[in-house]
Amino acid sequence: MIHVGLQHFLVVAALLFCLGLTCVLVRRNAVAILIGIELILNAAGLNLIAFARFGGDLLSGTVFVVFLIVLAAAEAVVGLALIIAVHRRLRDIDLERSDELRG
Amino acid sequence: MRVPLSSIDSLAYAVPELVVCGGAIGLFLLAAAARRPRSWHGWLFPLVSGGAILASLGWLVWFGLESASRPLFSADGQGLVIFSGLVACDPLAVAFRALCLLAAGAGVLLSVGSPSLPKTQRAEYHGLLLVLCAGMCLLASASHLLMIYVALETVSLCSYLLVGWDRSRSRSTEAGLKYVLYGGVASGVMLFGMSLIYGLFGSLDLQGLHQAIAGSDALATAPGRWAALLGFAFVLAGLGYKVAAVPFHMWCPDAYEGAPTPFTALLSVGPKAAGFAVLMRFFWGIFLDGPGVGAATLDADIPWPLLLGVISALTMTLGNLVAIVQDNLKRLLAYSSIAHAGYVLMGVVAGGQDGFESVALYMTVYLFMNIGAFAVVSAVDRSAGSEDIRQYSGLGSRSPWLALLLAIFLFSLTGLPPTAGFIGKLYLFAALIARGGTWYLVLALVGIVNSVISLFYYARVLKAMYLEQPALTEPVKAANAAGVLAFLMAVPTLVFGLFWQPLGVLASWSSRLLH
Numbered sequence: 001m002i003h004v005g006l007q008h009f010l011v012v013a014a015l016l017f018c019l020g021l022t023c024v025l026v027r028r029n030a031v032a033i034l035i036g037i038e039l040i041l042n043a044a045g046l047n048l049i050a051f052a053r054f055g056g057d058l059l060s061g062t063v064f065v066v067f068l069i070v071l072a073a074a075e076a077v078v079g080l081a082l083i084i085a086v087h088r089r090l091r092d093i094d095l096e097r098s099d100e101l102r103g
Numbered sequence: 001m002r003v004p005l006s007s008i009d010s011l012a013y014a015v016p017e018l019v020v021c022g023g024a025i026g027l028f029l030l031a032a033a034a035r036r037p038r039s040w041h042g043w044l045f046p047l048v049s050g051g052a053i054l055a056s057l058g059w060l061v062w063f064g065l066e067s068a069s070r071p072l073f074s075a076d077g078q079g080l081v082i083f084s085g086l087v088a089c090d091p092l093a094v095a096f097r098a099l100c101l102l103a104a105g106a107g108v109l110l111s112v113g114s115p116s117l118p119k120t121q122r123a124e125y126h127g128l129l130l131v132l133c134a135g136m137c138l139l140a141s142a143s144h145l146l147m148i149y150v151a152l153e154t155v156s157l158c159s160y161l162l163v164g165w166d167r168s169r170s171r172s173t174e175a176g177l178k179y180v181l182y183g184g185v186a187s188g189v190m191l192f193g194m195s196l197i198y199g200l201f202g203s204l205d206l207q208g209l210h211q212a213i214a215g216s217d218a219l220a221t222a223p224g225r226w227a228a229l230l231g232f233a234f235v236l237a238g239l240g241y242k243v244a245a246v247p248f249h250m251w252c253p254d255a256y257e258g259a260p261t262p263f264t265a266l267l268s269v270g271p272k273a274a275g276f277a278v279l280m281r282f283f284w285g286i287f288l289d290g291p292g293v294g295a296a297t298l299d300a301d302i303p304w305p306l307l308l309g310v311i312s313a314l315t316m317t318l319g320n321l322v323a324i325v326q327d328n329l330k331r332l333l334a335y336s337s338i339a340h341a342g343y344v345l346m347g348v349v350a351g352g353q354d355g356f357e358s359v360a361l362y363m364t365v366y367l368f369m370n371i372g373a374f375a376v377v378s379a380v381d382r383s384a385g386s387e388d389i390r391q392y393s394g395l396g397s398r399s400p401w402l403a404l405l406l407a408i409f410l411f412s413l414t415g416l417p418p419t420a421g422f423i424g425k426l427y428l429f430a431a432l433i434a435r436g437g438t439w440y441l442v443l444a445l446v447g448i449v450n451s452v453i454s455l456f457y458y459a460r461v462l463k464a465m466y467l468e469q470p471a472l473t474e475p476v477k478a479a480n481a482a483g484v485l486a487f488l489m490a491v492p493t494l495v496f497g498l499f500w501q502p503l504g505v506l507a508s509w510s511s512r513l514l515h
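Chains as they are written, first to last, in the numbering used here: chain A, 1 to 103; chain B, 1 to 515.
Next comes chain B alone, as it looks inside the complex (with noise of 0.2 Å):
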């Protein structure tokens, strides 16, 4: 068992965490002093925002640096546990925090000029972004319930506002209502599931309930056994809401197309990373002995992976079936997001260092890809108003390389090479495929098959931006933020389809969880 750090001591290695609390702070009292909007606020507010989000990702990436050369984590390496034992600071954390503040850097990239939001209470917006921020760096490093629970529910109350930020638009505040609604029910079903785990084993610590599991008399009577399914399937369901996993994925296609499209951005990729890693650590850190190594504890009674294994084939499936009748892009890009989730759950299924590296590396892959197709339907959104697919009606003659970048994106997405996509899913497989049983084989079938299910809908946006004739004859300016972040995502997409070995490297590093 590892000996926690005090708070005083953990404050060195939260620094992220302080950065974006403080911009907040101070943007919030910039809000109260500037109550009239003026045209300087466009760019100030944002300035601040995105200020704060890349001093805290210089600070990752100097951490992560200096881990390698020497062992700032601990003497092994593996991690440390900080702020008594409440957080876990290990590359997983580091590189998930990472993953987190670049989708919320592009959504702060994204709202500048951004029609879609209001010009009023700019500075609210982005310091309620920077409290997001705080939120899903703390998931990512979260090894206590009562953290986990905090942390999901900062994450969750922002998104709510932020989804339902444009009251002139009914869209925004009807998707905003919808998803408060099953949020909240989410969060209190994972709650009363978190409550019978503690009461079952005396423990709201990761490290302390991993512990006491495997020395636990509770799993030895019928009802102790039930209580403990319905303890870890109502966590399980609280994740799965997070990440958007069939079925509790209802919420997303709304909140994905109400909310304001800069915002859509960061939402599809920012909290989907954070659920993602305390998954795995919710989920591998209890019940294996070490990642890849020992067998479950708990494994006899109830069998995680092949459940988790079934939600993965069911999320990717509808994700990708419900996708090929959408007309609106954002709705499209929506469900095509729940058969991401699908595709990266199959990673955590898998387990173990290579499972995790998978879901590091896809994750990466998916922010590039995901934010890139974003930014340009913000793009076409900014001169058109409007995501339905007829605005994509020859594109590729009005503007030919916004339609280029998002031909880019929508082959990575479906994992065609020479793109990121395809190492992303390469990985994916190649993790589950090595576990070798009969199921975990036909998963990735079942994968395999709705790759190219999924390569009908996003063909069919290519189709109207290439074959079909033009509705509108105007060009679609690419020359704001919108068009220079699909720029920024398109280099990474396409260098890391041809060069992924630094990628796999980083991937393999943060792969490490603390146990």
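Looking at chain A on its own, in the form it has when it is part of the complex (with noise of 0.2 Å):
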């Protein structure tokens, strides 16, 4: 029986973390970095959670994490407007395709 303990959530945090962030890099699908950012952000979620769970301070952690949730979820939505509308004029989401900005 393994003992789950604090080192066991930093990990798979960690891991998430690094997974949001190349996806971030890699990608050039806009909506494929959205789901990067996600990553990013239930990785510092899990982090919080842990260290409220097994540090000592239990209340700051988790409220923290519930305000987390709702503004995560208030980006995405901001996130996939400003997709849709970039849709509805280019029918592609690439990021390489709307370039009309540079320099």
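Treat the hints with care, as some may be off.
Per label pair, the in silico range of CB-to-CB distance [said to hold, decoys possible]:
1. A/Ile2 - B/Ala220: 26 to 36 Å
2. A/Val70 - B/Ala222: 34 to 44 Å
3. B/Ile324 - A/His8: 46 to 56 Å
4. A/Ile35 - B/Trp226: 24 to 34 Å
Note that these hints are calculated values from the structure, not bench results. No residue lacks a Cβ here, since even glycine has one placed at the ideal position from N, Cα and C.
With the hints in hand, could you dock these two chains into one complex?
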């Protein structure tokens, strides 16, 4: 029987964070980048909740995660709204193709 | 440790936030009632949002004046912790909230009659502007990691929407999309950093963190030190993104160029001022024993001033060098605003009472000159429909007043006397040189060289206005909100260049931050 401690949570969170960051840096599709951002946010949330559980100050870490979930949802809404606005115009959400602004 | 006020008692200290939130709710209700665009919408909604911003500004001025005569903040005049420790109410918060609201007021004035904003959904535009104001005010006074995150997200979410507001122009939506993607990554990374700091030191409160770091054994081991470094570096990345410091500046030129010009003017000053307030609060509040007196507690392992100094040098150099090759004036001003973030970072690097004083003073001066420059750009944009530098050729003969105003702002942005920009730079360099270390002097030298470089591209605009033959002959109308705002901003730019004493007094008052 493996005892699941703080380190296990931290390793998972670090992996999630790296996966999210890789997704953001590698993918050129706007929706995929949004998914990557979501992974990063959830990595931070997992960290917070693990520290709250194993650390001491249980309340503030837990409350932080509740705010994080709400704000992550709001960010996804705004991101998707802008993606739809771009898609209506270009019929595509590949960032390589929206390149009017450069220099 | 200061005892925080309870939430009910705190409400008396958060009047600006309450007023702008009330105004925003009112506007969203009005938006539901007035679906069809009518001609009177063009002035009613700006009137509501402008009124809320003016009322908040008035309260801040009253509060600042009152606190000089009787100790409103606390017995020692330093400040109060309100909302159970989430928000600080100190002179720095009052001053930077006023700066953010001034920038927002200018944004509202510029939006009146501007053709670059759609005629529909005006109430929503002004409502979001007020929510942005509430976010900026909270960001400038946040003293808790949770509050910093929530306020930063409020500012960011409203900014994304307002940058991409004009759906009829593909540049606007594209800028909004790029901004939301960069911003999402930056805030996610910052949040991961915050979670590490919370885990290491067990506190989210800046005051609590300060004490926890001083007495922490987490820094004694190598993994603990690395985790701390990573955490603070990630938070620095999030805050650096907000003030558009290199290497987190990529969103800035696109967002500034794509956004409707009235909003660009606000975006280039308001969130930046709030970002600098929280940057000072976060780094110096945590690491120093007191502004300008003690040694940094975490300085031995991680040389924060040096790190910020390198970022500052990179920011101004890159901003100035790339600005040289720009042909779009809005984009040119975007790179120039990146460079100015680098200059202001010099004041943050200097730290201490005089460092904060120089930051507060420079942000005030920057507000006048940068919003003024954008007001002229907006005035030209109104008649020409473009921000290309070619539209400015012969402006000196087509509309001499606008050209003169733009020339004043550009001289001030360069930092030439007798404009306020010169005084601002003087304070920054003085604060930096007073530190005395070799690399402080090197940084000051980099700043001076950069000011010279910036003269080159500002002079390019002046040359187009006064020496080139006009491509068009019709005059640019200046008798509108944009022209009025440009004039209003030119007055302090010139007056404070000659009589900077009141500005200095104000800055030295507002450089006191709660500790």
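These are the hints, each one checked on the structure:
no., hint, verdict
1, A/Ile2 - B/Ala220: 26 to 36 Å, "holds (29 Å)"
2, A/Val70 - B/Ala222: 34 to 44 Å, "holds (37 Å)"
3, B/Ile324 - A/His8: 46 to 56 Å, "holds (53 Å)"
4, A/Ile35 - B/Trp226: 24 to 34 Å, "holds (29 Å)"
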